[in-house]
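Same order as they appear, the protein sequences are chains S and X. Residue 268 in the numbering used here is what sits at position 140 of the first sequence, and the numbering runs on without skipping anything. Residue 1136 in the numbering used here is what sits at position 94 of the second sequence, and the numbering runs on without skipping anything.
Keep in mind that the hints are not guaranteed to be accurate.
20 Å max Cα-Cα, derived EDC-like pairs, lysine to aspartate or glutamate [as the list claims (entries may be wrong)]:
1. Lys-220(S) <-> Asp-1239(X)
2. Lys-1242(X) <-> Glu-308(S)
3. Lys-1195(X) <-> Asp-1205(X)
4. Lys-1064(X) <-> Glu-308(S)
5. Lys-1282(X) <-> Glu-308(S)
6. Lys-1282(X) <-> Asp-345(S)
By construction, these hints were calculated from the structure, which means they are not laboratory data.
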Amino acid sequence: MFDRRLVQNFDWMLLIITLLLAASGLITLYSAARAGLPITQAFYLKQFMWYGVGFVIMIASFLISYKQFDQYAYAAYAICIFLLAAVLLVGKLVAGSKRWLVLGTISFQPSELAKVAVILVLSRYYSRTASTKGMRLRDLVIPMLLIAIPFALIVKQPDLGTAVMILLIAATLTVFTKIEKRAMIAIVSFGTVAIPMVWLLLKGYQKQRILTFLEPDRDPLGAGYHIIQSKIAIGSGMLSGKGFLEGTQNALSFLPEHHTDFIFSVLAEDWGFIGSAAVLFLFLMLIVWSLNVAHGCRDPFGALLAVGITALIGWEVFINIGMVMGLMPVVGIPLPFISYGGSAILSMMLCMGILMNISMRKYLIE
Amino acid sequence: MTDATSPKSLLKNQSPDSDWYKRRIIGLICFVIPGFVFLLLRLFYLQIIEGENFRRLSENNCIRLQSIDPPRGLIFDRKGQLLVDNRPSYDLSIVVKDAKPLEASLQHLSQYTRIPLELLWGEVEKSHNQPSFKPVLLKQDIGRDVLAALEVKRFDLPGTIVDVRLRRLYVKSQSAAHVLGYVGEISSGELKSVKYDGYKRGDLIGKSGIEKSFENYLRGERGGRQIEVNVTGQLVRVLKTVEAVPGNNVFLSFDQSLQKKAEDLLSDVSGAVVAMDPTTGYILAMASSPSYDPNMFVGGFSYDQWATFIRDPSHPLQNKAIQAEYPPASTYKIITAMAGLEEGVIDEKTTLGCPGSYKFGDREYRCWKKGGHGSVNIGRAIAESCDVFFYQVGLRLGVDRLAYYAKAAGLGALTGIQLEQESGGLIPTAAWKKRRLGVAWQGGETLSISIGQGYNLVTPLQLASMISSVANGGTQFTPLIVKKIQNASGETIKEFYPEIKGHLPVGPKNLDIIRKGLWEVVNGKSGTARIAHVEGIEVSGKTGTAQVFSRKTDSENESRRSQYLKSHAWFVAYAPSANPKIALSVLVEHGEHGASAAAPIASELIRTYLSENDK
């Protein structure tokens, strides 16, 4: 079963980018942790440990051919839905939302895994229904259900950011697979009618929350203030940064969530334009390289899987960095590889493993 | 599983159109590249073009948040007289990061404020593990004089901040203190509870009385501002403001003048008065003595001060009107009479003999009148409070039937008034005693119960509520102390209307018999409370004298009672007898006799209230 060509074809480039991103993440977290309570060095060590586990998962996920994932896609999806339902029932309540499953000392966010599960089932489904004319509306009924279930469960937590992320990934994959023009028009017109109606049904505080999400300035004491502090941190890094461990915004805990959602601001303050542009470039490399993997793949399932994973990384990077620079709504979306969080690291390493899996098997036919 | 790497399995997927996705990937890249260019341009703008500006802002951490506390809602009496206000207080803080050199700054401060330097250092050191840009509170409420001195020396005092904070001012100091309650800093336990979600350390919350029960209405909504400060921490400009929403104003059901009158009448004794409007359930006065000045709690309270209050045997912090439990004594005979008449064990004409005592088992149960009342019917028994008559009625009824009527009249249970920390009291039944003490009910105990002694415990509010429903013909209202709530702009947002919670289980004919007896108490030739007579107004009422000393040793103790062993005096009343407008209960701790200690207070209040309201 194990072919020598697999080793020869191993995608070293993907591994190198992964290692570089992991390293920048750990270095930045080390800097963020120095601000002291509530973020201590323990966070840095924990993240290190998560990466260790992540590497094992990555290796495990490229040992078996990705073609076998095809037949387990629905099973994986069902497990994720079960876990998401379990979160709502027995999850840990933190700051008004239930996102965590706690098993002994380990807590886990099933919504991170759900993103990968949605990519899996959609890739399987679309790889069979795709046609040159594009999918008809009736072909899209099942995918819409597959998306709606995890979406609804995650909105209920509530975790608006992750729910929107699932929609974006699914939309990217769907449009990528090609939809019939008529179906496209139907969906867009339905959306333009439905959105104002949903808006009317929302309660006052829910509208307020969405407006603040779209325009942080409406909440100058919360989200609006966080964005200002984040912009000051990033801007004050200037060309070459204040230097490793020299960022003052971060050190004085002016930055909120500086170890998770706002970690890029810490990086930008320490390393300046040179450092932050370099990390942006690494992400761009990763995305282009992943699309190259999709391009090189010889079967639609693998290609769709690679495109889905690329969409996940691409949207998260774009929205997170856009947010900390004041271009995007303030949502709880982590920066892949850099933000603190075990569930996100594990699902990201799983994604890298799958990409390597697809990449190393592209020449096996010859 | 077939070998996934075998050429055959892959060939299956190789339709002529299998490359459809390759062209679309090129399209995707056309979206990705501009996206990253967009991010890069923004980065360039923030770090290179605006970098200098942001670097300057970051150096002093210039942009800060300041919270604006909402003014707490005010409390008024029924007529709109202000009872609880807010006043400005000046709180002195220092921002360690800005106060350089720290030693010199603190020394100057100590000199101008006359606060010992060690105290200032102590406060600074206590907060050494919080970020140095956060203000450290040095002293609250420094007063206008010190403030003026600091303003003059402003430039010697970098990093010094004086915050104006609103503090509670209890306008009438001791008056209605128990009803109004007081505010205090939120405790760490309260911070963790769901009830105080959204509060932060240092917040002032209602700790008792209306302040506590109506916290949600009184608190208002916190606001805040984003400000830019200079190197020394002084305000340069306000960037954004979210205004605080002031709390709502609470209007009580009572009139401060009657409240004050009740307090004056109680001033020399320990006790409580509750007056109600029997037609609505609105409280007209609720006094508890001794009282305290809630203004003392405003600036925080030392342990010693607290301990003094707690150790005081007259319990000044307790609202005796709703929290203290006493045996109802002879006022309970109203219940025994009601039960006896309704259950048919006696009627209007039944006469029972009172030779001065009643022998039950091997014990003599005495009547308060040594010579006895002779042959008495229910009317005289109430008017003269004949114990022996009610012993016999009680025995015919049994403890459980008595308890049924007592509970139906609202005794031994929370009345549901809009104040927290109310006590329930106790009405015993045979089952209760078995469960609680593991011993069967004794017949002799029924004798004590039927004249309101024994295990019976009620609060003055419960008795006021009971007599109020006797007064109005049997309707029980939930007592209300808050009449309405208005927002800061004067619109009424909530009104508390009279709420009927039940009816006395007594027919009109039997209730009339009891009411006639109650009239005789004050107006009859041999009534026990002729002293409560008010010129020109017909008053009805019932006295009570609650024994304090333990039942087992009463005979020994009776001869050497000290002050604290003297009986409590009760008087419950309503007036005018035919068409009652006020019903009340008066309790004087260790007042010995209901007639002499409590009844005059009741009649004085009745006179004040009716003369004022008849004008």
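Verification of the supplied hints:
1. Lys-220(S) <-> Asp-1239(X): holds, 17 Å
2. Lys-1242(X) <-> Glu-308(S): violated, 56 Å
3. Lys-1195(X) <-> Asp-1205(X): Holds, at about 16 Å.
4. Lys-1064(X) <-> Glu-308(S): holds, 18 Å
5. Lys-1282(X) <-> Glu-308(S): violated, 49 Å
6. Lys-1282(X) <-> Asp-345(S): holds, 9 Å
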